[in-house]
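J.: Okay, here's what each chain looks like letter by letter:
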Amino acid sequence: MTDLSVDLGFIKLKNPVLAASGTFGYGLEFSPFIDLNKLGGFVVKGLYFSPRPGNLPPRLVETPGGLINAIGLPGVGVERFSEEILPELRKYNTAIIVNVCGESNEEYASVVERLNKEEGISAYELNISCPNVKKDGLCPALSPKDTFSVVSLVKKSSSRPVITKLSPNVTDIVEIALSAQEAGTDALSLVNTFLAMAVDIETKKPILANTFGGLSGPAIKPLVLRMVYQVVSHVKIPVIGIGGISSGKDALEYLITGAKAVEVGTANFIDPETTVKIIEELKTYCQKKGIDKIETIIGTLKV
Amino acid sequence: MTDLSVDLGFIKLKNPVLAASGTFGYGLEFSPFIDLNKLGGFVVKGLYFSPRPGNLPPRLVETPGGLINAIGLPGVGVERFSEEILPELRKYNTAIIVNVCGESNEEYASVVERLNKEEGISAYELNISCPNVKKDGLCPALSPKDTFSVVSLVKKSSSRPVITKLSPNVTDIVEIALSAQEAGTDALSLVNTFLAMAVDIETKKPILANTFGGLSGPAIKPLVLRMVYQVVSHVKIPVIGIGGISSGKDALEYLITGAKAVEVGTANFIDPETTVKIIEELKTYCQKKGIDKIETIIGTLKV
Amino acid sequence: MIKDPQALIVGKKNWEDYYLFSLESSGIASQALPGQFIMVRISAQPQPLLRRPFSIHSKEKKNIEIFFQITGLGTSLLSQKRIGESLDILGPLGKGFVTGESFQDKVIVAVGGGRGIAPLYFLSQELCSSGASVKIFYGGKSHKDLPLKEKFEKDGIELFCSTDDGSFGYKGFVSDFFKAELEKLNPSCVFACGPEEMMKKIAQITQEKNIPAEFSLESVMGCGFGACWGCVKKIKKNFKEEWTKICEEGPVFSREEIIWTEEEK
Amino acid sequence: MIKDPQALIVGKKNWEDYYLFSLESSGIASQALPGQFIMVRISAQPQPLLRRPFSIHSKEKKNIEIFFQITGLGTSLLSQKRIGESLDILGPLGKGFVTGESFQDKVIVAVGGGRGIAPLYFLSQELCSSGASVKIFYGGKSHKDLPLKEKFEKDGIELFCSTDDGSFGYKGFVSDFFKAELEKLNPSCVFACGPEEMMKKIAQITQEKNIPAEFSLESVMGCGFGACWGCVKKIKKNFKEEWTKICEEGPVFSREEIIWTEEEK
Ligand SMILES: Cc1cc2nc3c(=O)[nH]c(=O)nc-3n(C[C@H](O)[C@H](O)[C@H](O)COP(=O)(O)OP(=O)(O)OC[C@H]3O[C@@H](n4cnc5c(N)ncnc54)[C@H](O)[C@@H]3O)c2cc1C
Ligand SMILES: Cc1cc2nc3c(=O)[nH]c(=O)nc-3n(C[C@H](O)[C@H](O)[C@H](O)COP(=O)(O)OP(=O)(O)OC[C@H]3O[C@@H](n4cnc5c(N)ncnc54)[C@H](O)[C@@H]3O)c2cc1C
Ligand SMILES: Cc1cc2nc3c(=O)[nH]c(=O)nc-3n(C[C@H](O)[C@H](O)[C@H](O)COP(=O)(O)O)c2cc1C
Ligand SMILES: Cc1cc2nc3c(=O)[nH]c(=O)nc-3n(C[C@H](O)[C@H](O)[C@H](O)COP(=O)(O)O)c2cc1C
Ligand code: FES
Ligand code: FES
Chain A
325 MTDLSVDLGF IKLKNPVLAA SGTFGYGLEF SPFIDLNKLG GFVVKGLYFS PRPGNLPPRL
385 VETPGGLINA IGLPGVGVER FSEEILPELR KYNTAIIVNV CGESNEEYAS VVERLNKEEG
445 ISAYELNISC PNVKKDGLCP ALSPKDTFSV VSLVKKSSSR PVITKLSPNV TDIVEIALSA
505 QEAGTDALSL VNTFLAMAVD IETKKPILAN TFGGLSGPAI KPLVLRMVYQ VVSHVKIPVI
565 GIGGISSGKD ALEYLITGAK AVEVGTANFI DPETTVKIIE ELKTYCQKKG IDKIETIIGT
625 LKV
Chain B
325 MTDLSVDLGF IKLKNPVLAA SGTFGYGLEF SPFIDLNKLG GFVVKGLYFS PRPGNLPPRL
385 VETPGGLINA IGLPGVGVER FSEEILPELR KYNTAIIVNV CGESNEEYAS VVERLNKEEG
445 ISAYELNISC PNVKKDGLCP ALSPKDTFSV VSLVKKSSSR PVITKLSPNV TDIVEIALSA
505 QEAGTDALSL VNTFLAMAVD IETKKPILAN TFGGLSGPAI KPLVLRMVYQ VVSHVKIPVI
565 GIGGISSGKD ALEYLITGAK AVEVGTANFI DPETTVKIIE ELKTYCQKKG IDKIETIIGT
625 LKV
Chain C
419 MIKDPQALIV GKKNWEDYYL FSLESSGIAS QALPGQFIMV RISAQPQPLL RRPFSIHSKE
479 KKNIEIFFQI TGLGTSLLSQ KRIGESLDIL GPLGKGFVTG ESFQDKVIVA VGGGRGIAPL
539 YFLSQELCSS GASVKIFYGG KSHKDLPLKE KFEKDGIELF CSTDDGSFGY KGFVSDFFKA
599 ELEKLNPSCV FACGPEEMMK KIAQITQEKN IPAEFSLESV MGCGFGACWG CVKKIKKNFK
659 EEWTKICEEG PVFSREEIIW TEEEK
Chain D
419 MIKDPQALIV GKKNWEDYYL FSLESSGIAS QALPGQFIMV RISAQPQPLL RRPFSIHSKE
479 KKNIEIFFQI TGLGTSLLSQ KRIGESLDIL GPLGKGFVTG ESFQDKVIVA VGGGRGIAPL
539 YFLSQELCSS GASVKIFYGG KSHKDLPLKE KFEKDGIELF CSTDDGSFGY KGFVSDFFKA
599 ELEKLNPSCV FACGPEEMMK KIAQITQEKN IPAEFSLESV MGCGFGACWG CVKKIKKNFK
659 EEWTKICEEG PVFSREEIIW TEEEK
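Chains as they are written, first to last, in the working numbering: chain A, 325 to 627; chain B, 325 to 627; chain C, 419 to 683; chain D, 419 to 683.
Among the hints, a few may not be true.
Straight-line alpha carbon distances no greater than 27 Å define the calculated BS3-like cross-link-like pairs of lysine-lysine that follow [to be verified]:
#	chain 1	residue 1	chain 2	residue 2
1	D	Lys-431	C	Lys-499
2	C	Lys-652	A	Lys-459
3	C	Lys-654	C	Lys-618
4	D	Lys-499	C	Lys-430
5	B	Lys-626	B	Lys-607
Because the hints were derived from the structure by calculation, they are not lab data. Being a predicted model, the structure only gives us computed values, none of them experimental.
So that you can see chain A by itself, here it is in the shape it has in the complex:
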């Protein structure tokens, strides 16, 4: 029996496989397909304080090996989430992580303060890196200063561990990671989507109503793996790898590179069973290689 559990310090996960925010609904959408209790955990859709409509459609366009989305963080808001959805989620025995959004630092803090009152949340994931809400993909995670200020404010407000989700759209992701660490984040998740665009040569218009969107899916994996590699060698806090994971092999690449856990995003749409299959594949790999504890392979990359 392989021990798949991983210890992030502030939370122990059954296994290193989480579902990524925005690709897993509020979790419940997947219960017809998989047993949610099998997951290491899942991150619910990004939550602002108030309900939000999101962007105009079209919101999605496929690219070779990837998906550009400009969903724009629609959602029920923190109140309805707490009242209607969270009670359902509490029935599951898995880590529930809430993806926290804000138009200002203060909004991030108020979301967290409201959620502090509720039971059944394992951690907050600060979404300071969504490229689909402001012009030109602007977001706090593009600047070490902005990252520091939002993370430190939220850390003050939060009664729970805080995971900061970084943007890949930067020259030096290590610099941003270090700011977030200095501001007290408990962990980092790498990464949100890559700022992207698609054009229709018949209409001569951008395909997405929002012009820009965020690229995710298999296409981005080699870029994110590189970022995880760079960041793990510079920070002391755990790093969660996110980007293009759709198989046990993909997840293992991240773990070996040094991620302590992974989040599965776009692949959930393609196959709603992906997360559970990855967990099975991790088990098989460990058994084949005689690995008792999956934690022992984390960061074993030989360079």
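Add chains B, C and D with the ligands to chain A, keeping to what the hints say.
T.: Just chains B, C and D with the ligands now, kept in the frame of chain A:
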């Protein structure tokens, strides 16, 4: 008869289709497959002053929709290029652009100074953006300051137009583009490869001997298209689009977005006829749409 | 709503770029209702990346059918699959057309444009068995775009065919044909599926005559089961307009709920 | 060196995960020499992105054959192609084995390990027609890894088979079998293709006996025709060691030129 020619100001191309540096050898490698005279032009493999061996193999690894290379700019050096290769290239009636590399600003300048003496070169493309030669993908194009200093030095040394090739691995590509423009570059080419990595879960080693490499191919197109869109609205000089182009449709997306020409890279490996096919497809599109001059569609994106 | 990773292709027919596949999938067949759809995984390779939505065209015992037209890479790759191969599908998804006993002895009209005919066969199967009298308007660009004509006729369903070029049946848009015949038929309810422009016109016409009508909408779908928020359209709910997930609360909506977009890309 | 975008698959055989395809491609067949290879485009979709290299296994009039083993996505997708489909191929590429009249009446030994047998059939065709006496060492893990045995035998070529597990022929590595038989056979020249470790041993053995030897090397290839610099290995040229493009100056090199890597991934 559609007029496919495009005028970059400093040079008029037969058509907007160039072959990208490092993916077209010294051009001659493609003569068994296509008539080089049909091309708008081609950019030869990156050239340092002296011959260079390049990186250790393995140098290539495929990813979903992409290719990571860590070739590391091997080459014959400027002397042998001038003596042995350039005379062959002069026989062709197409724009020959030399991709210029350097370990220091001075080396870039000396390559250009040596080449100034030779006939038959249409322009220099300054490769200040290769992610495979220094640790962590460092290169001048990551910093506006470094970009400015190398471009302005080369401009002083050069008797020919200079195209500056930018890196996508930055937070704000517009800022770098503006530096290069300020330093006097005649045009910009966007982009070189994306810093990336791949891991073998069996050996637990990076697949590339160089650990990092640069991602190219269809996977990157949506990212580069976005960058071209951002840059064209801020600069006055022509922009050449490079990234994931393998069909007329891809090329048209760039042209409509505002690129005045395109370079075709990785697709040359998959089909050595790609460039010529793209030219045919551009013709067909123009004829179907009743477009007399392809230049009239450049930058016609309706946002 | 289940995943059937191995729905066997047991039948395949085609007419130029239209295809009819019969899939053995007892789990999905047993739950399917008219107007619902399935999401089909096209390839194990990541291109195309996402599943593609197809209406359930019919069900019979353990089998369901899909009817589709080649419109791009996904449908083109799908069309190349052969009998004996199997497809990974999710379904039945979404909410379908209103059906049931209340339609007994009523005249019902369903209007399908092009590939939009797909869900209307299942719908008419169901309505007929509830004792309704079903009339189908089936429009296409040309004669070759009406491949399912014989299938409906065999079932004894009254068909009103139109082609834009007049190569078969009424010459002109199916919505005009519908308008011309409406008075005579005097249906209790109208269902429609097809190009947005066509459905918009059917909505206007039925509104003027005050006949209830339902429409099956299309949208680019990321997941098909409510997880991605990619498929939204603006829908009226309790006097408010809301971006609503077509895959979950649709694809079928009543005329009163739909806010037609001004210009479709 | 040409591109044939429509090389028709006219024959296909397979034994477990080994496949033999016969391709009609008169242009390439007319130029091909033993040891040269072709680059095959696997899919119109960008996965796998790059072409895959395969040695020319034989040529006969307008046809060439390739013989390959499934080792990953590309070969797996290739194996699913059927007779009547066509492949987009480039070839013939690279420089092949030394052949010609000088081998008349000489004993020549060729050693193939696993899929490395592929180019040796063409080579032996050619050498036999030059009047050489060709002996083939054919090694595999197990009996099932020697699918081409009968093909060589039918041509009357003397075969020395070995399997690692002893399920057929000599039990052990083909290089050990080769070593054991070498004295007796006393070849004028040795050719080898197979796993690097095997070729390294053949190099040692032939060097000790001072017998000329040539080897067909493998490398990950981006283009196959000298444009990408991806396929380099270290090769001795005029007393200097240089990273050399395998696709252009190889894949066949003489023992003196090759610098074996210490450890292969
Ligand atoms: C609920 C629902 C039911 C459907 N039922 C049927 C059916 O029964 N038969 C049938 O032939 N078609 C049906 N469609 C449309 C079908 O899903 C699209 O034709 C198909 O997804 C196109 O895929 P492709 O890869 O071939 O084309 P692509 O290359 O992806 O695109 C070709 C064109 O189709 C558009 N398109 C792409 N994806 C979708 C999508 N999900 N919905 C609408 N348009 C899209 C693109 O914008 C583009 O204009 C249905 C769509 C929905 C939403
Ligand atoms: C000149 C040359 C001639 C060859 N001739 C034959 C032949 O006749 N028959 C045959 O079965 N095989 C031959 N090969 C090997 C064949 O090209 C590879 O098996 C094939 O490319 C693997 O592709 P894949 O997509 O199935 O595997 P992948 O999924 O790409 O890789 C599977 C494994 O093969 C390795 N690999 C991938 N590409 C190559 C490559 N280009 N060269 C070597 N190893 C690679 C990978 O590193 C990995 O370990 C030849 C290779 C070369 C360079
Ligand atoms: C449709 C969609 C919606 C997303 N919504 C969110 C979100 O609400 N909050 C967030 O932090 N990330 C969001 N993301 C980003 C993902 O969580 C993830 O970081 C990204 O998709 C990369 O992972 P992948 O390649 O596995 O998809 C979204 C991604 C997609 C595709
Ligand atoms: C194998 C390989 C070698 C390359 N060598 C160079 C080079 O020498 N100089 C340079 O400026 N860019 C080089 N590039 C980058 C390409 O010119 C191009 O910018 C990049 O590949 C993106 O375009 P693509 O997606 O069409 O391949 C190389 C790319 C590849 C794949
Ligand atoms: S298609 Fe994903 S929510 Fe509707
Ligand atoms: S494979 Fe491209 S140079 Fe050899």
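J.: So, for every hint listed, does it hold in this structure?
T.: Evaluated hints:
1. D/Lys-431 to C/Lys-499: Judged against 27 Å, a Cα distance of about 22 Å means the pair holds.
2. C/Lys-652 to A/Lys-459: 23 Å, holds
3. C/Lys-654 to C/Lys-618: OK: C/Lys-654 and C/Lys-618 at ~16 Å, within 27 Å.
4. D/Lys-499 to C/Lys-430: At roughly 21 Å apart (the allowed maximum being 27 Å), C/Lys-430 and D/Lys-499 satisfy the hint.
5. B/Lys-626 to B/Lys-607: 22 Å, holds
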